[in-house]
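When you get a sec, could you build the whole thing from the sequences and use the hints?
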Amino acid sequence: MDGEGARPFEPRITAFVCNWCTYTGADLAGTSRLQMAANVRIIRLPCTGRIDPMFIVKAFERGADGVIVSGCHPADCHYNAGNYHARRRFAIFRELVDFLGIDPGRLTFSWVSASEGAKWRDVVNETVDRVRRLGPFTAYRELVTDPPVTRVIGEEVPA
Amino acid sequence: MARIGVFVCHCGENIGRTVDCARVAEALRDLPGVVHSVDYKYMCSDPGQQMVKQAIAEKGLTGVVVAACSPHMHEKTFRRAASGAGLNPFLCEMANIREHCSWIHEDREMATAKAIDIARTLVEKVKRNRPLKTIQIPVTRRALVIGGGIAGIQAALDIADGGREVVLVEKEPSIGGHMSQLSETFPTLDCSQCILTPRMVEVYQHPRIRLYAYSEVESVQGYIGNFRVTIRRKARSVDEDKCNGCGACTQACPNRKVPSEFECGLGKRPAIYVPFPQAVPNLPTIDRSRCLLFLNRAKGRPDTCKKCAEACSKGAIDFDQQDRLVTEEVGAIVVATGYQVYSIGKETGRDDLHGYGEYGYGTLPDVIDGLQFERLASASGPTAGRILRPSDGKEPKRVVFLQCIGSRDPAKGMEYCSKICCMYVAKHTMLYKHKVHDGQATVFYMDIRAAGKGYDEFTRRAIEEEGARYIRGRVSRIWRDGEVLKVQGFDTLSGRPILMDADLVVLATAVRPQPGIEALAQKLNVSYDRHGFINEAHPKLRPVETSTAGVFVAGACQAPRDIPDSVAMASATASKVLGLFASEMLEREPTVAVVNDALCAGCFHCERVCPYGAVEHREVRNRAGQVVRVVAYVNPGVCQGCGTCQATCPSKSVELQGFTDDQVYQQIQALGL
Amino acid sequence: MRELRDLARRLLEEGSVQTVLGWEEGPRGARPVFVRRPEEAERLIFDPRCVHNLAAYLSPRRPHLKGLGRIAICVKPCDAKAVAGLIRETQVARDQVVLIGLRCGGVLPDPEGRETLSGETVADRCRGCPDREPRLADHVVGTAAEGFPGPSRRQQKVEELLALSPDDRWRFWQQELARCVRCHACRQVCPLCFCEQCIADKTRPRWVESSAHGRGNLAWHISRAMHLAGRCVDCGECERVCPGGIPLGLLTRRVAKTVGERFGWRPSDDPAVPSPVGTWRPEDPQEFIL
Amino acid sequence: MMTNASQITQAGLSSLVEDLRQAGIQVIGPARVTDGAVEYQRLADLSGWTPGVQPRRSLKEWFLPVTEPLFRYRKQGPRVLVEELAPPDAPRVVLGAYPCDAAALPILDAVMGWDYRDDPWFARREATVILSQVCPGGDASCFCTDVGIAPDSAAGADLRMCPIESGWRVQVETGKGEAFLQQWSRHFQPANGSKNPLPPAGPPRSEAPRANPERVRAWIETHFEDPFWQEVALRCHGCGGCAAVCPTCHCFDIVDEPENPVQGARRRNWDTCQTALFTRHASGHNPREDQCGRCRQRVNHKFAIYPARFGRILCTGCGRCARTCPSGQDITEILARIDQWAAGPGGA
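Protein chains in written order, with my numbering: chain A, 14 to 172; chain B, 3 to 675; chain C, 903 to 1192; chain D, 23 to 370.
Everything labelled a hint here was simulated from the structure, so no lab data went into it. It is possible that some hints are incorrect.
[As the list claims (entries may be wrong)] Below, computed lysine-lysine pairings styled on PhoX-like, alpha-carbon distance capped at 25 Å: (1) B:542 with A:132; (2) B:55 with B:78; (3) B:61 with D:97.
Now the structure itself:
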């Protein structure tokens, strides 16, 4: 980071988790008062099967430095098989974006069950540490650079 | 234009200690579309809920975000409150700033920033929420019970007594299942037939039970409340309407050497037979694989014999009867197909299961399994209740019982405990002692698992009062030496090898699901474990439901079960079924997928990924009535709302209500601030 | 060629089809042609310049072709895999199209090619191609030919790129994707891109920004490659038509490698072979999951 | 002006480029890109300059970028703030534009300055000096002479360059060109035999014109529903590759790209009439319902609508659309057929 006294780099992590296992596991981490890094923002979906790779792309576009995808362990899916489909999807996605030059270290995939509050804490802390080491994902943010703003025109929104 | 209200809860100190709730409310106030943002000590309290209701009414809110605890905790509470103020409940969302924020962070600055982010994602989401209505599905208030053992009988009777029609399907010629084969039952030693037979008759006579014996489920379509089941009624070669059950045919049959399934091969039956005297229905069945006439037909020879037809005064024998398919509409299904005992010979029928060739089952006639012992001990059995060994009909003076044959043995393919063996072996030692007073029962066991009301007392009685000798250890080999069986084993308590003589060896073989259970489970679209046991929906909280709504499970097809467990489960399923049938319409959460007809390209990836088979093909017609396209349709009665279809759909032409792409997109966008 | 023209004429004369879709000599080499009269069958050609995968014309998303009646389509063995894909995904009914399978010894990289076919000049996708004999076909014409050994340069390039660091790969792709103008020609010629409305054209929400800036381009090419996972038949049309000359085949190859190694799937001309999309095995590898 | 000729050596050109760079003036010219093709590129020096090959894409994108931000916006409480961006008026020089590319620019000036002035377009136009080259020769798809342009056409050029033994002969065509020459005169010498006009363009075209634009226009205007349009579109995939490489196709789409709930950018992006999305209404209805209508539109716009409105054919005959078409569609073939019908009995 530039300048004296600048705050250390705090990674922005977006997490897409399933409602039944990981979200509940994260609830358990809360009720167990397990302290963890405050860098993760959770978006709750019903199932990992619902998680579209474009969610991850969009998260990077919106400034995420890392992304977590987490759901039920194999054979534990609330919907029988959503996580199996997700597993295939993200195996492909991960290798594709790696090929495109996105460091796979920015992506965490995990199975965290409703009883694994401690595992959720570990997944969070490990991801934050790993992404902190990789640094901010400026390459993605700099994919679009607009010319400097020269003038600001303010106008009232019509009532 | 969105008019969103944000309600930030302190949860006493729970949130307020680490999150600056006032600042969260203030930060959210600046967000476009937010017209009301406040914080309060206890949002879930009556005054708190009142604040929400009041704001909805006064500010004309179009959406509500409650930043408080987990939605798993209070989503229902606040949705009800919103609904009470006239707002569609699905326009209310919870932002979890307690479990996911205040409780897991200490840095007030960072926790507050995070709470603002969390609440903002939900504000952006709720702007795109749409009012949803709970889904109403009509329910056919009839049930199908598959399996006519004690579990199926109990479920059928309970449902029928509850006032609903039941279709009971049993693949064998008679209902009764394994319980009808048992001599006496633990831990009370009451006669199995005596308690079962009246129940069987009750089934037969019940005005609301339609019994299809000697029948199997061919196919299942539909979904909860609306199943369409095709049942194959196998040809008995006997006209049920004409037969009066006199038994003349079975007396006339010349082929009387067929090993009886009911007697576990210890007795014989004719080719046309009633499996046991108390069979329900009391109708004979021709075993076409053993009947001379059919054997001749198979060889292309003319029909001969016909002794049974000649003996029948009703003309009920029908050699040309065909299987018939009947269709039944039902609203719920109970699976109660029961178990089989592990075949301990070399042939197991499955690659991953290995037999116990070293015990000589199938080659040494005096090595039998537990069910066969039941038949020997049964007053109606092949020996009329006398314990006589199969090889020479002599009364065995030394009987060795081996427990855990196949069970708890990963090397043999079944690592689970079969649960009932400890108890029935103890029972066998007692039955034996009662019939052969000078006999010695010896039991090889791994552990004694006698958890159950009166169970431990029962095993203790076998050991302490009835003189059964229990050896902790396993038997490695059994061989024949003249008239005796040599049993070689190891006593793990004394640490000594054992070699003993026995007249009869009884193997307590593992409980396994019925053959063909996988095929049935696939027809029902319910999940099963690698042994074939049907999976319950939740091991604790939903023990008799399956992964498919409207399909329930009872008895030993779910896991090894004894009679009381099976009956309890069966009654539980009946209660579930009757609950489902309590109203004509079924209410479902509207979190289901909906297809956009105009955009669906009909590739049906959604159909391939749907874990519930909820996706159907729907024809889109033009004004002239011609089919122009075939698109996907998600049956809201079957959809459970996982959303796998949407993530798979390349054009996003199917949307999971409540978690639409637009909603998720806005949440991600909100994190870009 | 005679055999092909005679067959086409016969099919048109007897009325079993109303259109034969094949290749003709155009102003710049071979090009697709729709033969609708028996006497026009003489226009048909087949030689190593017939690179086009005509299966794209079978997509129901081409309403202007709906009036052509029943179509007989010329397919090389590799093109047949795309037809199989369309059948698998219920876009085409097998009994509604007549397939004229052409025995193929490989094609040149572009329809203008004047070179003789050799190990040097053959199109990259034909290197190591095992398919000489059409299987998914109603009629098979042509003579058997030898193939050319692999591996393809594209495959080698994939391996080369995989040996680089993520940062170097990022630089490579940014340089290449900078030439993307988001014309979506890659999508339009793809026989398996048949959505009624492409996700790139969808505005609510806008997963893929339509601007041809780095963000939009990356999202588009990720999305395209993901959607073709386990579906791409490696016909290379996307790369051939790209007006920016972007090596799009590398992306689909990379995905094909994943799908092949992890799920054992290869493009198949058998419509009954299920695609890896929509299937799974409990034992699918998950070494990347914590 | 025709006589106002100079010349410049290859070394002189090199030092000119260096001086321009030092002066902060961008130099754009044909150069190879990673896949081996030539495109108009920003040049750091002359080493990669490839004047003898027609660039794969036209010069258009340097005036109408594939994507450009028009402004940014920010919501602040009840207000929306519009943030104006620095105009694209950095000085530039195009070195070695093809005549068919340079000629497209004045054609497009007409539409860009028609009902309102397209500021970004004219900012770039005014900030750019164009040194075109006399065409070194084309291929069978070239037809510039059919549409009133020639390989040595001066249209759109501020200066024209023609290779000579010692380098390039340079002819001033506009005042802007003259000023440029004056400013950088130290790199130029007077041309030998200043009375000589530029040598004729590359290999002369042997073929007779394939179509008469006037006849073609008349036919198109009266044959909107002709079955020909149904037939011609059969092989078209609607990929729009033709529009992407075309020097005169100039349609664009304007989109707002939000970056978060309160801010974003409004951008203008290339668009093409060859896609269904181009004309699809919000209702889902599409007046141009299939590819036949879209193929017709492209020909119609270029050879009838634009000429009717602006008096110019919207085509410079560069032949790129024929070269790029994945299914071998050829505009010259289409024009020739129309012309044949138009000239024949019962023609327009």
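For each hint, the structure was consulted:
Using a Cα cut-off of 25 Å, the hinted pair residue 542 (chain B) and residue 132 (chain A) holds, with the two alpha carbons roughly 22 Å apart. Only pairs whose Cα atoms come within 25 Å are accepted, and residue 55 (chain B) paired with residue 78 (chain B) is accepted, the gap being roughly 15 Å. Straight-line distance between C-alpha atoms of residue 61 (chain B) and residue 97 (chain D) comes to about 22 Å, which keeps the hinted pair within the 25 Å bound.
Of the numbered hints listed earlier, not one is contradicted by the structure.
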